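K.L.:
Using the hints, position chain R against chain W.
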Amino acid sequence: AQSVTQLGSHVSVSEGALVLLRCNYSSSVPPYLFWYVQYPNQGLQLLLKYTTGATLVKGINGFEAEFKKSETSFHLTKPSAHMSDAAEYFCAVRANTGNQFYFGTGTSLTVIP
Amino acid sequence: DTAVSQTPKYLVTQMGNDKSIKCEQNLGHDTMYWYKQDSKKFLKIMFSYNNKELIINETVPNRFSPKSPDKAHLNLHINSLELGDSAVYFCASSRDWGSGNTIYFGEGSWLTVV
Chain W
303 AQSVTQLGSH
313 VSVSEGALVL
323 LRCNYSSSVP
333 PYLFWYVQYP
343 NQGLQLLLKY
353 TTGATLVKGI
363 NGFEAEFKKS
373 ETSFHLTKPS
383 AHMSDAAEYF
393 CAVRANTGNQ
403 FYFGTGTSLT
413 VIP
Chain R
0 DTAVSQTPKY
10 LVTQMGNDKS
20 IKCEQNLGHD
30 TMYWYKQDSK
40 KFLKIMFSYN
50 NKELIINETV
60 PNRFSPKSPD
70 KAHLNLHINS
80 LELGDSAVYF
90 CASSRDWGSG
100 NTIYFGEGSW
110 LTVV
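Chains as they are written, first to last, in this note's numbering: chain W, 303 to 415; chain R, 0 to 113.
Keep in mind that the hints are not guaranteed to be accurate.
[What the hints assert, rightly or not] Within a straight-line C-alpha distance of at most 20 Å, the following computed DMTMM-like cross-link-like pairs (lysine to aspartate or glutamate) qualify: (1) R:Lys40 - W:Glu390; (2) W:Lys351 - R:Asp95; (3) R:Lys35 - W:Glu390; (4) W:Lys351 - W:Glu317; (5) R:Lys39 - W:Glu390; (6) R:Lys43 - W:Asp387; (7) R:Lys40 - W:Asp387.
Since the hints were derived computationally from the structure, they do not count as laboratory data.
This structure is a prediction, so every number in the text was calculated from the model and none was measured.
In isolation and in its complexed conformation, chain R is listed as follows:
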């Protein structure tokens, strides 16, 4: 069973559209994340939720809105997509907020905005 699963894996959409990426973890973890990886492979944290509560909200446009209906899910909704949003988005989770905990990543969602 996949520990952290996200859908869709590939998404091609036009500028101005609204899209969502879903993420689920079956590890029983309390903390979930969204990371963005740009074309140069640089990974940057976007959001982090702990027990459904937002704890990290980096400076991303407010067109990006995370939603955590429960501890096992953290979805990412993007409004009014722009060309610069094209990237790979990774969902991840860790056992809890503790610093030594390993972060487990999903397979990534490749978003292309045309």
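If we strip away everything but chain W, and leave its shape as in the complex, we get:
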């Protein structure tokens, strides 16, 4: 069975500071991993995903994430936070067999001017 844990339901950073949003997964086999962003009153938008290949994945808006199998983690980072990054971020895992897609509980990012 797959599951996703996002540590920290709320994260606050200052504008220009590093953004680090944590995601750990449990899976008996290497899964496919995704990060989605949800702006207020909007749907979810894909930031980036890891399927195979390079473990450091670059996404939109300057975000990137690194798949670390040994740590079962897929943390999301951005070197310098911008006010427009304030949103809800969801980590998701999908098994490499079957179609079930499991979301974490989300992390709300606040950017302080």
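P.N.:
Below, chain R alone, put in the same frame as chain W:
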């Protein structure tokens, strides 16, 4: 053009009513989904259709009935609405049933039952 579009975006209705939310995708995808997001932002799969065939049917009340007239449409009908049905409902689609495929979401439908 919006890839996954759902209507209405906002819906306020009384308990006991029946309502429908419509969803259409113009991506040519084979697989469509309905997700429910509760007040704590938790996202849960409700249904998934692949080529108009129901493949995921999570434990939701049978008051919820999805209907897929064709691959591009997946509508959600809810009978006898209850207060606890208040949530945001997201339609989504993916290219096919494959695991690595990205799921594309609609903008959401905010349902409030009063």
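K.L.:
Are the hints correct? Go through all of them and say.
P.N.:
Do the hints match the structure? See the list:
At most 20 Å may separate the alpha-carbon atoms for a hinted pair to count; Lys40 of chain R and Glu390 of chain W meet this at roughly 9 Å. At roughly 17 Å between alpha-carbon atoms, Lys351 of chain W and Asp95 of chain R fall within 20 Å of each other, so this suggested pair holds. Straight-line distance between C-alpha atoms of Lys35 of chain R and Glu390 of chain W comes to about 16 Å, which keeps the hinted pair within the 20 Å bound. Distance check on the hinted pair: Lys351 of chain W and Glu317 of chain W sit about 25 Å apart at the alpha-carbon level, beyond 20 Å; violated.
Taking the CA atoms of Lys39 of chain R and Glu390 of chain W, the gap is near 11 Å; set against the 20 Å cutoff, the hint holds. Between the alpha carbons of Lys43 of chain R and Asp387 of chain W the distance comes to roughly 24 Å, so the proposed pair goes past 20 Å and is violated. Our distance criterion of 20 Å between C-alpha atoms is met by Lys40 of chain R and Asp387 of chain W, whose separation comes to about 18 Å.
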